[in-house]
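Undergrad: As given, the protein sequences belong to chains W and H, one line each in that order.
Here the numbering used here is used: the first residue of the first sequence is 1, the next is one more, and so on.
Here the numbering used here is used: the first residue of the second sequence is 1, the next is one more, and so on.
The set of hints was computed from the structure by calculation and includes no laboratory data.
Careful, some of the hints might be misleading.
Which residues of chain W face chain H? A few of them, derived with a C-beta cut under 10 angstroms, are [said to hold, decoys possible]:
no. : residue
1   : Val10
2   : Gly26
3   : Ala28
4   : Arg29
5   : Thr30
6   : Met70
7   : Asp75
8   : Cys89
9   : Ala102
Since this is a predicted model, take the numbers as computed values, not measurements.
Every residue, glycine too, gets a C-beta built ideally from N, C-alpha and C.
Listed here are the chains, written in short residue letters.
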Amino acid sequence: MTSKPRGQFVRLAETGRRPITLTIDGVARTALAGDTLLTAILVNGRCVRRSEFGGDGAVAGAPRAGFCVMGACQDCWVSLDDGRRVRACTTFAENGMKVRTAHGG
Amino acid sequence: MVAERLPPVIVGAGPAGTRAAETLVHAGLRPIVIDEAPSNGGQIYRRQPSGFTRPGKALYGFEASRAAALFGAFDRLAGSIDHRPNTLVWSIRPGSIGAGLMHLVSSERANALPFDQVIFATGATDRVIPLPGWTLPGVFTLGGAQVALKYQGCAIGQRTAFVGTGPLLYLVAYQYAKAGAKVAAVLDTAPLSAKLRALPGLSANAQATARGLYYLFWLRSRGVPVQLGIHPLAIEGRDGVTAIAWRDPHGGSHATPCDAVAMGYGLRSETQLADLAEVPFAWDALHRQWLPTRDAAGRTPVAGIYLAGDGGGALGADAAELAGERVALALLQDRGAADNGRSHADRIAAINRRLDRYLRFRRGLERAFPFPAHLAGDLADETLLCRCEGITAGEVRRAVREFGAHEINRAKAFSRVGMGRCQGRMCGPAAAEIVAGALGVPIEQAGRLRAQAPVKPLPMAAVLDDAAASARHG
Ligand SMILES: Cc1cc2nc3c(=O)[nH]c(=O)nc-3n(C[C@H](O)[C@H](O)[C@H](O)COP(=O)(O)OP(=O)(O)OC[C@H]3O[C@@H](n4cnc5c(N)ncnc54)[C@H](O)[C@@H]3O)c2cc1C
Ligand code: FES
Numbered sequence: 001m002t003s004k005p006r007g008q009f010v011r012l013a014e015t016g017r018r019p020i021t022l023t024i025d026g027v028a029r030t031a032l033a034g035d036t037l038l039t040a041i042l043v044n045g046r047c048v049r050r051s052e053f054g055g056d057g058a059v060a061g062a063p064r065a066g067f068c069v070m071g072a073c074q075d076c077w078v079s080l081d082d083g084r085r086v087r088a089c090t091t092f093a094e095n096g097m098k099v100r101t102a103h104g105g
Numbered sequence: 001m002v003a004e005r006l007p008p009v010i011v012g013a014g015p016a017g018t019r020a021a022e023t024l025v026h027a028g029l030r031p032i033v034i035d036e037a038p039s040n041g042g043q044i045y046r047r048q049p050s051g052f053t054r055p056g057k058a059l060y061g062f063e064a065s066r067a068a069a070l071f072g073a074f075d076r077l078a079g080s081i082d083h084r085p086n087t088l089v090w091s092i093r094p095g096s097i098g099a100g101l102m103h104l105v106s107s108e109r110a111n112a113l114p115f116d117q118v119i120f121a122t123g124a125t126d127r128v129i130p131l132p133g134w135t136l137p138g139v140f141t142l143g144g145a146q147v148a149l150k151y152q153g154c155a156i157g158q159r160t161a162f163v164g165t166g167p168l169l170y171l172v173a174y175q176y177a178k179a180g181a182k183v184a185a186v187l188d189t190a191p192l193s194a195k196l197r198a199l200p201g202l203s204a205n206a207q208a209t210a211r212g213l214y215y216l217f218w219l220r221s222r223g224v225p226v227q228l229g230i231h232p233l234a235i236e237g238r239d240g241v242t243a244i245a246w247r248d249p250h251g252g253s254h255a256t257p258c259d260a261v262a263m264g265y266g267l268r269s270e271t272q273l274a275d276l277a278e279v280p281f282a283w284d285a286l287h288r289q290w291l292p293t294r295d296a297a298g299r300t301p302v303a304g305i306y307l308a309g310d311g312g313g314a315l316g317a318d319a320a321e322l323a324g325e326r327v328a329l330a331l332l333q334d335r336g337a338a339d340n341g342r343s344h345a346d347r348i349a350a351i352n353r354r355l356d357r358y359l360r361f362r363r364g365l366e367r368a369f370p371f372p373a374h375l376a377g378d379l380a381d382e383t384l385l386c387r388c389e390g391i392t393a394g395e396v397r398r399a400v401r402e403f404g405a406h407e408i409n410r411a412k413a414f415s416r417v418g419m420g421r422c423q424g425r426m427c428g429p430a431a432a433e434i435v436a437g438a439l440g441v442p443i444e445q446a447g448r449l450r451a452q453a454p455v456k457p458l459p460m461a462a463v464l465d466d467a468a469a470s471a472r473h474g
């Protein structure tokens, strides 16, 4: 799966920013300087994390992609390869970051 | 006299916090202004990250000049305030030194700040009612959809449906369409009749009402379906949103194809810090929420604790600016700080007369966009209520019926609802309706979810850091 999957977020403006590269679940992806991790993940795909719990009768591991985008719902925490756990919507993406969404891995 | 005391602290650098800081600086004080966001502005006037170039008009629309004025006011305070961005106040302990001790975390470092006067200007977040499918990727809050656009230049999807009620529903849909996003539909749970009945109250703010109508007609004239009085049924999809199903007022069922949904039913105040500071709460029927009690100037019954802006009931940004100035005057009065010319009490009374208009307008809004409490109360047993812990509406009802939980904190103990990482910010309003429904009592008898520290999860490094600091201080 190296082809660019369909993204959830769609860029409408501010597309002239400097491109950065980060690794999402082992795959190199492009984002823009000033993107939050949530944006960087969601312009490249549709899932940010897997729920520990089921939902609506579904099995545990259902996909989640954040909800409030303002640090309130806590539904966007991801792991970095350096061991840190961060809230994707309030953390800026940085060049060279390695992110695990617990998705497809 | 002033110099002997600790500097006042303001939590929140939105419209309320900014005007409070300005007023304190004019009186010769140097307040500490704390905000977890990287820059000032708060929710409505959220500033985009550096390197972004859209002009204020593109970001704030009709509100651009107010935004510019507020930013100008804040920028002029540079050097006169101790501004601490990227800093979360995660706990308050009342009474140990002065009025208390505040726990902060900033870039994974924890520290403690003694204070004797603090203004909470902590604002509000979206009020949500769960819906089958609301945890699917592609479903965001209305405010979240707006943040994606304002702060990141992104739409939450290719085709977004807007569902819920309140002025933000139309505003954000308009902002999306205007920015070039495809709006699949605007689905408002409030019927047209409610809007017509509300017109007298809404006339208290004719300008805001005119803008709301402008958004509505603008959307309609561009062919965006706008449906009133709908009943949302479910968000459909497997790994992401594919449609939203809803019922029209005549009972017809519809499914609108979309790949994103923005949902919201007005705002709920962020009150956790006041709760930890042991401020008593009272039920507020207008906001349908328990709110910290305070006097007409924003003083709470706990000495040294003040409240301003949407954090004490959402009345909007213009009212928040006035309330920020007002509460700062009250704080100055209590500090015995000299006032130049007109007495603080006179200024407070004058501001209160102006604020009265916003309160009347807010009542009008509540009539135009009533909170559809029944949607929460009637949630099907199998619908997921708590996204943090995966708890269904049925589990909460069982906690009431089978385990005898007679109010929401007991229901929380039995079902874990509201115990998750969001502390009930997302599920709380609906959980209260469900508990009230199961008990067969009015909502104000369902109890109030109590806040717990930390008000938001801390990074692990900060937890260790705080433990080390506590060990040092004994
Ligand atoms: C997402 C969203 C979008 C909105 N959009 C609009 C709009 O487009 N038009 C409109 O008219 N109104 C809008 N509103 C309403 C409007 O934002 C408010 O009326 C106004 O911002 C209230 O100002 P305030 O100063 O009371 O709080 P806010 O502007 O919300 O500011 C509160 C500040 O406190 C900070 N804070 C909160 N808790 C803590 C803590 N524990 N530690 C540190 N900092 C903390 C927050 O980071 C925030 O910056 C919106 C509200 C929301 C929630
Ligand atoms: S999306 Fe809600 S906290 Fe990040």
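Undergrad: Indicate, hint by hint, whether the structure satisfies it.
TA: Now the hints, each set against the structure:
1. A least Cβ separation of about 5 angstroms between W:Val10 and chain H falls short of the 10 angstroms threshold, and the interface hint therefore holds.
2. Evaluation of the W:Gly26 hint against chain H yields a violated restraint, the C-beta minimum of about 20 angstroms exceeding 10 angstroms.
3. Interface hint at W:Ala28: violated, since its Cβ lies 21 angstroms from the closest Cβ of chain H, which is beyond the 10 angstroms cut-off.
4. Because the beta carbon of W:Arg29 sits about 15 angstroms from the nearest beta carbon in chain H, more than 10 angstroms, this interface hint is broken.
5. Given hint, W:Thr30 at the interface with chain H, is violated; its Cβ is 14 angstroms from that chain's nearest Cβ, farther than 10 angstroms.
6. The closest approach between the C-beta of W:Met70 and any C-beta of chain H is roughly 5 angstroms, which is under the 10 angstroms cut-off, so the hint is satisfied.
7. Given hint, W:Asp75 at the interface with chain H, holds; its Cβ is 6 angstroms from that chain's nearest Cβ, closer than 10 angstroms.
8. Of the supplied interface hints, the one on W:Cys89 holds, with its beta-carbon coming within about 8 angstroms of a beta-carbon of chain H, less than 10 angstroms.
9. Because the beta carbon of W:Ala102 sits about 14 angstroms from the nearest beta carbon in chain H, more than 10 angstroms, this interface hint is broken.
Violated hints, in rising order: 2, 3, 4, 5, 9; the structure is consistent with all others.
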